[in-house]
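Participant: For reference, the chains in residue letters:
There are 4 protein chains.
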Amino acid sequence: MALRLLLIGDIVGRPGRRAVRECLPSLRQKYQLDFVIANAENAAGGNGLTPAVAEELFSCGIDVLTGGNHIWDKKEVFSLLDAEPRIIRPANYPPGAPGVGYGIFSVREHKVAVINLCGRVFMPDLDCPFRLSESLVAELRVHTPLIVVDFHAEATSEKIAFGWFLDGKVTAVIGTHTHVQTADERVLPGGTAYLTDVGMTGPRDGVIGVKREIVIEKFLSQLPRRFEVASGPFQFNGCVITADPSSGKALTIERVQIYEDE
Amino acid sequence: MALRLLLIGDIVGRPGRRAVRECLPSLRQKYQLDFVIANAENAAGGNGLTPAVAEELFSCGIDVLTGGNHIWDKKEVFSLLDAEPRIIRPANYPPGAPGVGYGIFSVREHKVAVINLCGRVFMPDLDCPFRLSESLVAELRVHTPLIVVDFHAEATSEKIAFGWFLDGKVTAVIGTHTHVQTADERVLPGGTAYLTDVGMTGPRDGVIGVKREIVIEKFLSQLPRRFEVASGPFQFNGCVITADPSSGKALTIERVQIYEDE
Amino acid sequence: MALRLLLIGDIVGRPGRRAVRECLPSLRQKYQLDFVIANAENAAGGNGLTPAVAEELFSCGIDVLTGGNHIWDKKEVFSLLDAEPRIIRPANYPPGAPGVGYGIFSVREHKVAVINLCGRVFMPDLDCPFRLSESLVAELRVHTPLIVVDFHAEATSEKIAFGWFLDGKVTAVIGTHTHVQTADERVLPGGTAYLTDVGMTGPRDGVIGVKREIVIEKFLSQLPRRFEVASGPFQFNGCVITADPSSGKALTIERVQIYEDE
Amino acid sequence: MALRLLLIGDIVGRPGRRAVRECLPSLRQKYQLDFVIANAENAAGGNGLTPAVAEELFSCGIDVLTGGNHIWDKKEVFSLLDAEPRIIRPANYPPGAPGVGYGIFSVREHKVAVINLCGRVFMPDLDCPFRLSESLVAELRVHTPLIVVDFHAEATSEKIAFGWFLDGKVTAVIGTHTHVQTADERVLPGGTAYLTDVGMTGPRDGVIGVKREIVIEKFLSQLPRRFEVASGPFQFNGCVITADPSSGKALTIERVQIYEDE
Ligand SMILES: [Fe+2]
Ligand SMILES: [Fe+2]
Ligand SMILES: [Fe+2]
Ligand SMILES: [Fe+2]
Ligand SMILES: [Fe+2]
Ligand SMILES: [Fe+2]
Ligand SMILES: [Fe+2]
Ligand SMILES: [Fe+2]
Numbered sequence: 000m001a002l003r004l005l006l007i008g009d010i011v012g013r014p015g016r017r018a019v020r021e022c023l024p025s026l027r028q029k030y031q032l033d034f035v036i037a038n039a040e041n042a043a044g045g046n047g048l049t050p051a052v053a054e055e056l057f058s059c060g061i062d063v064l065t066g067g068n069h070i071w072d073k074k075e076v077f078s079l080l081d082a083e084p085r086i087i088r089p090a091n092y093p094p095g096a097p098g099v100g101y102g103i104f105s106v107r108e109h110k111v112a113v114i115n116l117c118g119r120v121f122m123p124d125l126d127c128p129f130r131l132s133e134s135l136v137a138e139l140r141v142h143t144p145l146i147v148v149d150f151h152a153e154a155t156s157e158k159i160a161f162g163w164f165l166d167g168k169v170t171a172v173i174g175t176h177t178h179v180q181t182a183d184e185r186v187l188p189g190g191t192a193y194l195t196d197v198g199m200t201g202p203r204d205g206v207i208g209v210k211r212e213i214v215i216e217k218f219l220s221q222l223p224r225r226f227e228v229a230s231g232p233f234q235f236n237g238c239v240i241t242a243d244p245s246s247g248k249a250l251t252i253e254r255v256q257i258y259e260d261e
Numbered sequence: 000m001a002l003r004l005l006l007i008g009d010i011v012g013r014p015g016r017r018a019v020r021e022c023l024p025s026l027r028q029k030y031q032l033d034f035v036i037a038n039a040e041n042a043a044g045g046n047g048l049t050p051a052v053a054e055e056l057f058s059c060g061i062d063v064l065t066g067g068n069h070i071w072d073k074k075e076v077f078s079l080l081d082a083e084p085r086i087i088r089p090a091n092y093p094p095g096a097p098g099v100g101y102g103i104f105s106v107r108e109h110k111v112a113v114i115n116l117c118g119r120v121f122m123p124d125l126d127c128p129f130r131l132s133e134s135l136v137a138e139l140r141v142h143t144p145l146i147v148v149d150f151h152a153e154a155t156s157e158k159i160a161f162g163w164f165l166d167g168k169v170t171a172v173i174g175t176h177t178h179v180q181t182a183d184e185r186v187l188p189g190g191t192a193y194l195t196d197v198g199m200t201g202p203r204d205g206v207i208g209v210k211r212e213i214v215i216e217k218f219l220s221q222l223p224r225r226f227e228v229a230s231g232p233f234q235f236n237g238c239v240i241t242a243d244p245s246s247g248k249a250l251t252i253e254r255v256q257i258y259e260d261e
Numbered sequence: 000m001a002l003r004l005l006l007i008g009d010i011v012g013r014p015g016r017r018a019v020r021e022c023l024p025s026l027r028q029k030y031q032l033d034f035v036i037a038n039a040e041n042a043a044g045g046n047g048l049t050p051a052v053a054e055e056l057f058s059c060g061i062d063v064l065t066g067g068n069h070i071w072d073k074k075e076v077f078s079l080l081d082a083e084p085r086i087i088r089p090a091n092y093p094p095g096a097p098g099v100g101y102g103i104f105s106v107r108e109h110k111v112a113v114i115n116l117c118g119r120v121f122m123p124d125l126d127c128p129f130r131l132s133e134s135l136v137a138e139l140r141v142h143t144p145l146i147v148v149d150f151h152a153e154a155t156s157e158k159i160a161f162g163w164f165l166d167g168k169v170t171a172v173i174g175t176h177t178h179v180q181t182a183d184e185r186v187l188p189g190g191t192a193y194l195t196d197v198g199m200t201g202p203r204d205g206v207i208g209v210k211r212e213i214v215i216e217k218f219l220s221q222l223p224r225r226f227e228v229a230s231g232p233f234q235f236n237g238c239v240i241t242a243d244p245s246s247g248k249a250l251t252i253e254r255v256q257i258y259e260d261e
Numbered sequence: 000m001a002l003r004l005l006l007i008g009d010i011v012g013r014p015g016r017r018a019v020r021e022c023l024p025s026l027r028q029k030y031q032l033d034f035v036i037a038n039a040e041n042a043a044g045g046n047g048l049t050p051a052v053a054e055e056l057f058s059c060g061i062d063v064l065t066g067g068n069h070i071w072d073k074k075e076v077f078s079l080l081d082a083e084p085r086i087i088r089p090a091n092y093p094p095g096a097p098g099v100g101y102g103i104f105s106v107r108e109h110k111v112a113v114i115n116l117c118g119r120v121f122m123p124d125l126d127c128p129f130r131l132s133e134s135l136v137a138e139l140r141v142h143t144p145l146i147v148v149d150f151h152a153e154a155t156s157e158k159i160a161f162g163w164f165l166d167g168k169v170t171a172v173i174g175t176h177t178h179v180q181t182a183d184e185r186v187l188p189g190g191t192a193y194l195t196d197v198g199m200t201g202p203r204d205g206v207i208g209v210k211r212e213i214v215i216e217k218f219l220s221q222l223p224r225r226f227e228v229a230s231g232p233f234q235f236n237g238c239v240i241t242a243d244p245s246s247g248k249a250l251t252i253e254r255v256q257i258y259e260d261e
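Residue numbers (numbering that gives the first Met the number 0), protein chains in the order written: chain A, 0 to 261; chain B, 0 to 261; chain C, 0 to 261; chain D, 0 to 261.
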């Protein structure tokens, strides 16, 4: 029987957490979800993650939280990452970074591995995600063929290349970071579900989660501005992947969008 | 009676031109299209535009070709831009650049203005598209309220901010450049149709149009590689906007995706 | 009789202000200085400028303070820039930015114009400094041929090109921003004194003014770190330009370096 | 008796090679040089290196050629790097790149190790030079304490941090890549000679070696332009380091500048 996984796009602040709380129960039922992964790099006040926010998200039914370039923005995350194996951060930060970049989790009678990696184009100077993924995937496949990669990256070229690079070796490569869901979901020929970006779960009418007046003002003035999470109705962005547990191959990928005011 | 416009995402090389030739007739019929705009910055061999390629695209029924950062890559385009008002390039290149950044075109008994602008985040150092659009839109609204903007940009934040900035002032702000269609189409509250990126019309199984082996090799090796347009089946990416000709407001926006092998 | 100007490189925090206070009197005497310009974008605690810090620097004998990308970092600067004509900020920030980008000052019986401009390569998205400088210089030459440009930029190519671009039109093009003095001072054939970067006036043994342990740690870990101004002995970096007041042409340019512990 | 090393800044095209041929004999005599290292990433026509050009430079008396981000620009270099141990390229390119990133060379009765590394700020996405240098230096110190590092990087912060990072572990950290010599040479407290950038050996009156009209035109127009090496008189940029062969510590560092027309 197929495994059903939900991956939730970058949760931004209070509106994003509200979206999770309100949408997850019905999605769980509708899709008969076995496992829920969510990117939480912006979950606490728009940037970073705290123990309280992580606890809140786990209590909503999320099984694993992933990170990105903003996962480090609140200092409390450093000890949290070392203490909580259900939170992973990009694996290609330098050795010595708090926490780990992957985890293996029990789902029904199976094991699901989750990997978090960052791209490098227009991003911080990290270790090569392509090379690192090769060894990491080989290692994890000893334990399970069910491997989901959250590839946190900006450039479409790097993300698509990464999807093809891992096609046939992992269950899914799902992009995060741009906060806009793309419409290119597909199962690649080798059996890997791919989506360039799963989008954002947060305030709908801001600019990638931030109050739009501030962002527009910043583009116009080029002066420093302090960003604030936008208010108003939420959007929930995610994707559901079904996979064959014995082969680890993806069977389907479906995008999910829910808007509060509709 | 509503005006029906199609905007086609970056046409890449021969496979992209084939996609236009094969898909446009049936789309024209299905949507009863009045006007067709296409981004052509990659139409000639993956980068740039030549007179022959432009002619080929016009003969397929495209009314206006827009550009982007790659529109300059073939030298023949310089005189072409000065000679052909149906080809426009980003308006925010410095004064003195060949060609113009907008045009007004007759559609049925109406006039439709098309503007092409480039973003600046992770892009060349151009004039501010926000400021320039203010004066440009004001000028064009003297002639017509039907204004379509091809905003050629990389960062989702800049694109979404730009959509909100022009909401209520133009008919549509449609993003190009990333070559991946996003799934966030909507008519903003002020009546402006918005889509972060309309995607790419070209080879489906490459990396944003390029042979995937080469791109992967480049990410792995960080050595210079000459890119080649991918072969194989095409994808057609576009969006259809309907607009009220008297107010210029958008009524609907719908994404279009066609795959050759399906 | 030749005019003698000193331009002081980016003053960083308390150690930089101490360097000015201790070095300026003897330099004034040694070079018989007529006019002193200093870049102050990092004068207050390593980033930005406050009224108290500006007052302190004026009281040391500096005549004009210039800015850069960091001039905006302390909020107090916004009203200060509007109130104090002796402080200028890069002229190519968008219209509406507080303050102005140039000034004309009385020096002996002459007038000296000072312009501040930012480069764009690896820097914020500002208006083109090349184009803006053309109109600005033409305007200022109506009043005086003595024009000094602080070109605040990162890339050597942009800085050198800018020097050649203005050669013969201004008295001097002196680079700031990299915090390292370059050794390429010369009077260009048209009579413009040029130096790619005048350097930094601040703590000598940090990394461009910041505690070196923190910067090294950041490069190693790629994690966010709060920077602190380094302590220890200072360095003073500047350059002295002599100019013919009637033609505005530079006669000589000489680099100045003073180290506290030597 | 102290060892005397010359490091020559990026040799650009024909004018740069002429500068080497004309200046090296007298410098060798003046400084009683034991060993000559030169950065050759731009030696062939402004970008890259060919076997004929490498041969020409060796015949002038250069002992080792180093590279940078442009070392790969001519295809002939790939086999050259594998065949010629006297040419090294940045060590932090991914495993599998042609050639090697360091070498050990016999100088009088001593051994001198040379390492070439690239920075990452505003540069390609390579492996961490800080981390790699730690293992590389440890390995090489087994053979010799005389280690010279050509750190090919853009940002002053990364270069200065790197100098401090290796202080006391290597004989010298000398920057290349910006093509402008900096004036901050010093022997750091631990005994490492440091210079942020040694500069360029090539045409003096271009823009970092390129015809200045073309570069200015490109900054003004933001349109693609093909660069050409500038003509006219040359400049020679280098630095001489003296070192204690038994400890590997630097004793002195002196900048060298020669201009053809003076
Ligand atoms: Fe995010
Ligand atoms: Fe992110
Ligand atoms: Fe494109
Ligand atoms: Fe583009
Ligand atoms: Fe500065
Ligand atoms: Fe600066
Ligand atoms: Fe170079
Ligand atoms: Fe270089």
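If you're looking for bench data, these hints aren't it; they were derived computationally from the structure. Do not take every clue at face value.
[Stated by the list, open to error] Only some residues are given here: those of chain A computed to face chain B with a beta carbon under 10 Å:
no. : residue
1   : N46
2   : D204
3   : V209
[Stated by the list, open to error] Derived DSS-like pairs: lysine-lysine, alpha-carbon spacing no greater than 27 Å straight-line:
no. : chain 1 : residue 1 : chain 2 : residue 2
4   : B       : K217      : A       : K168
5   : C       : K29       : A       : K217
6   : B       : K73       : A       : K210
7   : C       : K210      : A       : K73
8   : C       : K210      : D       : K248
9   : C       : K210      : A       : K210
10  : A       : K74       : C       : K74
11  : C       : K210      : D       : K168
12  : C       : K73       : A       : K74
13  : D       : K29       : B       : K210
14  : A       : K168      : A       : K73
15  : C       : K210      : C       : K74
16  : A       : K74       : A       : K210
17  : B       : K73       : B       : K217
18  : B       : K74       : D       : K74
19  : A       : K74       : C       : K210
20  : D       : K110      : D       : K248
21  : C       : K110      : C       : K29
22  : D       : K110      : D       : K73
23  : B       : K74       : D       : K248
24  : D       : K110      : D       : K29
25  : B       : K248      : A       : K210
26  : B       : K210      : D       : K73
27  : A       : K210      : C       : K29
28  : D       : K217      : C       : K168
29  : B       : K73       : D       : K210
30  : D       : K168      : D       : K74
[Stated by the list, open to error] Label pairs and their computed distance ranges (CB to CB):
no. : chain 1 : residue 1 : chain 2 : residue 2 : range
31  : D       : R107      : A       : S134      : 35 to 45 Å
32  : C       : P223      : A       : R27       : 30 to 40 Å
33  : D       : F121      : B       : S78       : 33 to 43 Å
34  : D       : P84       : A       : S134      : 24 to 34 Å
C-beta: ideal position from N, C-alpha, C; glycine also.
Participant: Now tell me, hint by hint, if it's right for this structure.
Facilitator: Now the hints, each set against the structure:
no.	hint	in the structure
1	N46	14 Å, violated
2	D204	8 Å, holds
3	V209	8 Å, holds
4	B:K217 to A:K168	20 Å, holds
5	C:K29 to A:K217	46 Å, violated
6	B:K73 to A:K210	41 Å, violated
7	C:K210 to A:K73	22 Å, holds
8	C:K210 to D:K248	24 Å, holds
9	C:K210 to A:K210	35 Å, violated
10	A:K74 to C:K74	25 Å, holds
11	C:K210 to D:K168	20 Å, holds
12	C:K73 to A:K74	23 Å, holds
13	D:K29 to B:K210	55 Å, violated
14	A:K168 to A:K73	34 Å, violated
15	C:K210 to C:K74	24 Å, holds
16	A:K74 to A:K210	24 Å, holds
17	B:K73 to B:K217	23 Å, holds
18	B:K74 to D:K74	25 Å, holds
19	A:K74 to C:K210	20 Å, holds
20	D:K110 to D:K248	14 Å, holds
21	C:K110 to C:K29	23 Å, holds
22	D:K110 to D:K73	31 Å, violated
23	B:K74 to D:K248	55 Å, violated
24	D:K110 to D:K29	23 Å, holds
25	B:K248 to A:K210	24 Å, holds
26	B:K210 to D:K73	22 Å, holds
27	A:K210 to C:K29	55 Å, violated
28	D:K217 to C:K168	20 Å, holds
29	B:K73 to D:K210	22 Å, holds
30	D:K168 to D:K74	35 Å, violated
31	D:R107 to A:S134: 35 to 45 Å	44 Å, holds
32	C:P223 to A:R27: 30 to 40 Å	35 Å, holds
33	D:F121 to B:S78: 33 to 43 Å	35 Å, holds
34	D:P84 to A:S134: 24 to 34 Å	30 Å, holds
The structure fails to meet hints 1, 5, 6, 9, 13, 14, 22, 23, 27 and 30 from the earlier list, while all remaining hints are met.
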